[in-house]
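Engineer: Chains as they are written, first to last, in the working numbering: chain A, 1 to 415; chain B, 416 to 663; chain C, 664 to 1034; chain D, 1035 to 1342.
What the hints contain is simulated information worked out from the structure, not anything from laboratory work. The C-beta atom is built at its ideal place from N, Cα and C for all residues, glycine as well. A couple of the hints might just be wrong.
[Claimed, not checked] Within a straight-line C-alpha distance of at most 35 Å, the following computed DSBU-like cross-link-like pairs (lysine-lysine) qualify:
no.	chain 1	residue 1	chain 2	residue 2
1	B	612	B	544
2	C	706	A	354
3	C	978	A	116
4	A	346	A	357
5	A	202	A	180
6	A	357	A	93
7	B	437	C	810
8	C	810	B	483
9	C	1023	B	557
10	C	810	B	485
11	A	93	C	863
[Unchecked claim] A partial selection of chain B residues facing chain C, derived with a Cβ cut-off under 7 Å:
no.	residue
12	493
13	497
14	508
15	510
16	512
17	517
18	521
19	527
20	529
21	533
22	535
Take a look at the letters that make up each chain.
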Amino acid sequence: MKKTISPSRPGTTRRTLLKGLAAIPAAMLLATSAYASDVNSTGLAVTDDTVTVGILHSATGTMAISETGSIQAEKLAIEQINASGGVLGRQIKYIQEDGASDWPTFAEKAKKLLVKDKVAAIMGCWTSASRKAVLPVMEQYNGMLFYPTFYEGLEQSPNVIYTGQEATQQILKGIDWAKKTKGAKKFFLLGSDYIWPRTSNKIARKHIEKLGLKVVGEEYYPLGHTQFNSVINKIKLKRPDVIFTTVVGGSNVAFYKQLNAAGIDLTKEKPLVLTLSVTEDEILGIGGENVEGLYASMKYFQSLPNDNNQAFVKAFKKRWGDDIVIGDVTQAAYLGPWLWKAAVEKAGSFDIDKIRKTLPGIELTTAPEGYVKVHPNHHLWSKSRIGHAKKDGQFDVVYESKELIEPNPFPKGYQ
Amino acid sequence: MYQQKDFVLTIEGLTVSFDGFKAVNDVSLYIEEQEIRVIIGPNGAGKTTVLDLICGRTSATAGSIKFKGKELTKLKEHEIVHAGVGRKFQNPSIYEDLTVFENLELSYPKGKKVWGALTFRRDQDVIDKVNEIAQMIFLQEKLNSPANLLSHGQKQWLEIGMLLIQDPELLMLDEPVAGMSVSERKQTAELLQRITKDRSVLVIEHDMHFVEEIADRVTVLHQGQVLSEGSMDKVQNDPKVIEVYLGH
Amino acid sequence: MLQTKLRSLAPKNDVVSFLILAAILLVALPILFDIFRLNLIGKYLTFAFVALGLVLSWGLGGILSLGQGIFFGLGGYAMAMFLKLEASSPENTAIQSTPGIPDFMDWNQLTELPWFWEPFHSFGFTLFAIIALPTVFAYIIGAAMFKRRVGGVYFAIITQAIAAILTILIIGQQGFTGGVNGITDLRTLLGWDIRTDSAKYILYFINVILLLATLVVAQYIRKSKLGRLLVAMRDSEDRVRFSGYDVSNFKIFIFCIAGIFSSIGGAMFTLQVGFMSPSLIGIVPSIEMVIFAAVGGNLSIFGAIYGALIVNWAKTILSESYPELWLFAMGAMFIAVVLAFPKGLAGIYESYVQPWVDKKLKAIQDKKAKK
Amino acid sequence: MFADYTWAELGSIFAMQGFSGLILFSVLLLMALGLAIIFGQMGVINMAHGEFMILGAYITYLTSNLFSTYIPELFGAYFFIAIIFAFIGTFLLGALVEWSLIRHLYKRPLDTLLATWGLSLILQQLYRTVFGPREVGVTLPDWMMGSFQVSEMIEVPVNGMIVMVITLFITVGVFLFLQKSRKGKQSRAVVQNRAMAGAVGIDTARVDRFTFALGCGIAGIAGATFTMIGSTGPTSGQLYIVDTFLVVVFGGAASLLGTIASAFSISQAQSIMEFFLSGSMAKVLTLLTVIVILMLRPQGLFSLKVRR
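Chain A with its partners taken away, still in its complex shape (with noise of 0.2 Å):
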């Protein structure tokens, strides 16, 4: 059985990192911390100078492809914490598990990390079945897990916060958008077969229609399909001003590379296609000339030109090289550990009831999308943002909502 609380698989990079941190004077860290028991009454692994978290996404399996991106800024986060005097003047040290794309293994690994190595808090999951199957878990052994991704909503655990969007403030603001700079009038939903998409086409389906605007078709396909004629055929014969999809993972590829070649040029806009699901990771697999038009609809891109998004684009590619993009998720990612920071140091304690205490009104000035703040229900405050996709698979930022959109997992009207 494995027992110690060393990061499971450190990388050579980390390991100069490391040694470098090392160098810092043990008594400059000591002056500015308190002593282990007094800032953690509930048996956390947390030592004089190291307190140690988990990162709990799938290095394997199928959701491999979408969670690297998650885990690397997460890491990123970490290293630069480190690199600025820990939390509470102790440096971060985490333990990485792999879930594996098996929801039963998040849970499993999850419990691992609260239970034995009773790590202070879990960064990770991706997918809301590991989060669903994580979440029970959690509130039994009363951690706090940092969770990155835009997701359907309807959530709000006391042991979750929610650093990606939930699905009203990722939909309403884009199909506002469509509405008054587009002039759309006629919307088709297209979406993979599982509980996000369907969430959030009901949710755009309902705030079309308190528009007075119009839904002509509703598509599910099965995760993983790839034969996309038919359906694109519905939507010539339905001649809809937009196709809102949330086709996610190997789908998007044949979506897109089919949707091309049946003559929809994404560049026309006739219909223009708007996106809840291809973000700049996505783009890498499905190919910047296949999405070369298509408008997505989240709260970050890379191409954001704010100095703290330069920085942090800037350091992301010094440390995990320079040809990887950043997507909104990872970006989300990388908060977890900040804001966790944050929280720990306001409450002056490690204690999950403390920081859980601490959490909302949380900001985060140097947050790459710009300033965010924790909400009470758990969520994030952020900003809607349309991005128009580029041949070399970044986004332009063609639309910013002025104010940040408040968070509403339970919307009233929408379900």
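Use these hints to put chains B, C and D onto chain A, whose structure you have.
Structural biologist: Coordinates of chains B, C and D only, in the frame set by chain A:
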């Protein structure tokens, strides 16, 4: 002419075609009680197919097979067995992974349904009957050895024994002495003579000496049709038969 | 060869093996491991139910089903539906627009409980369903296929396709099934909180006792005439048929039994892990279940249990330290079992360990005799 | 649902939908051809068929990178070279797999299933280690991306046309090979009667290896072709496996004509149902229909009634 009721097995107008090829064509065959009937004929004459048709392994295109007045063509294999027809295959087909005893036991006519098989007990009746049959087929010494250690001839006997334990009224044997030594062949002939006391036997065989030894009557099949029928003498002197056997 | 192997498991040996297994599961493991690991072992053991079923249907009967996840799922979902209804009492779900129905139904605008959920309010019915559902399902699949003499490879591929269909259906009909997330957040069983450590201990022991009982049933079937018939059918199906047996009925029976075993495993999985999801039903988990039986030795009912334990244990350990090695190891295991160790662990034990033990025992006896 | 449309529009849509059905038919057929040879002719259940396809796709990806880096002026034609490379690569891997694994298992079809599943896991992880867990984007030359405008409504996708042409080409090739060529005749002879084929001087081991490798090579071509319409990632291959096997089994395993007929009927059924129902239900209904028909007619659509 024959009286209908004397026959154990009545086959009339039996035909089967595989994609247009008539493997068996309008065959009629009448077998009496306690008769040993041997079917001979060149390769591809349809001998084995006739047995397949009787025991339900192949379904007939046309014609009827009546066993003790019961139509067999509509029954499933196991129902035909329960009606009293037993069949030995050309290649000895026994359960190699089981012992001789278990081979015979599985053929014992009890516990043939799922539930019966689950609750089957090896009582004295079973043991006695298995011993009796084992003696008959010269295998009483081998009862506890695995069947895959038997010689080829012994396997043939074992399969015959597995039929005998069911006490069928019609026994069909496909080349029972193929691959046997001379002495084994003699023993087999004896065995057949003994076991036909209360049943009819239908045999396919190539070995003419053996046929002569056991047959009451012989039927010659050629290209799916009955070419000749009667005593061994009659058949051997039938010019049509000579033509078929020597003409090739 | 095979026959001598079967023979070598004389009744006395079986009793000893059984006692050793019971001692390991009931005494040694609970002492050695804390509740976290023990709960994991409990989870692995739920797959041992499936492996046991596969030993009977595949090892003995030659029927390889690549869709045992179907039955695992039926049992698991039946139990999960019951627990979910209990967790969705009107008080617990007061914030929903329709209190008293499971949360995911509420999100999907269902305003009343679907009719097929209603009977799962009753624990008695749920237990009945855990046995009856797989039986009916296996009977329909089995009757359709075996009566028409579809077997072997075709059966494997068709069961696999059925598993795929069931997964798509469950994911697509999320209002009724919880979709890809599955049925989660299960709390109490008849008011008893199943999430506490003490409950996990009790569930572990219930699981082990059920498993041992299942093992006894499997052993009974194997030793009965029906067990010998299955072996006989694998050797020469025609001979069995022409000995007056309706072969298809026996195949259907053993397939149903394998289904029931899997279903019990699924129900125990739900209880111990606390949720059920389509990821345990589809093609990949179903084939993984086959490897548990294959590694243990597809003719050995004890091997099935050790196989399920060891493969899952290896998976946990390997994926903790070397996640990328796990698939290589798993792939290698499939190939090794097929090419080098067709009788799995049980075969290795019989050809290497047992002769050694026998020799030692004999040496001791000889010594005693000399004195 | 059609009330708001003119006849011309409806006609166009149905033409388009028919064309989609044909593309789907080509895709299914191309997927199944390699397996029809391996499973139908040799009785080997190759669960790693999808992984062989993905190997073909990865080779296409590598070739495209090679061309764009070293000879960008010829990029427009790289795809055809890639197909040849894909065939060679998967053919060689197929031969290696036959030699190391399959040849030990000819008498045990269920065991080939387990062993090749193991192989598929190893290949998946290998792809992940080499190419990373992400899907790779295979860049296509511009001329292969667009569509022909036939009328205002009807547009014919170029990549669909290419898939159809390749499928036609490969199908005819396989057919001619099996029926006419010496190797093909040998391979059929081995299938029908191994002992006899060996006795008349055919090197059965070599023929087996060649046949298996050929099936894998065709899978590689299929994989290369599908980079035009699908995704290329370590686990993409698994998506194809159930469909592929059902097409082959449904067609009646030993018959090439059956495979074609089965791919045609499945694709048409699915394509029509997809148009009138939602995508998921269409898929479920198609699979279910195939299974029910297989239960009623286990020998598949086409198969000779043989003497047992």
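Engineer: Hint by hint, which ones does the structure fall short of?
Structural biologist: The structure breaks none of the hints.
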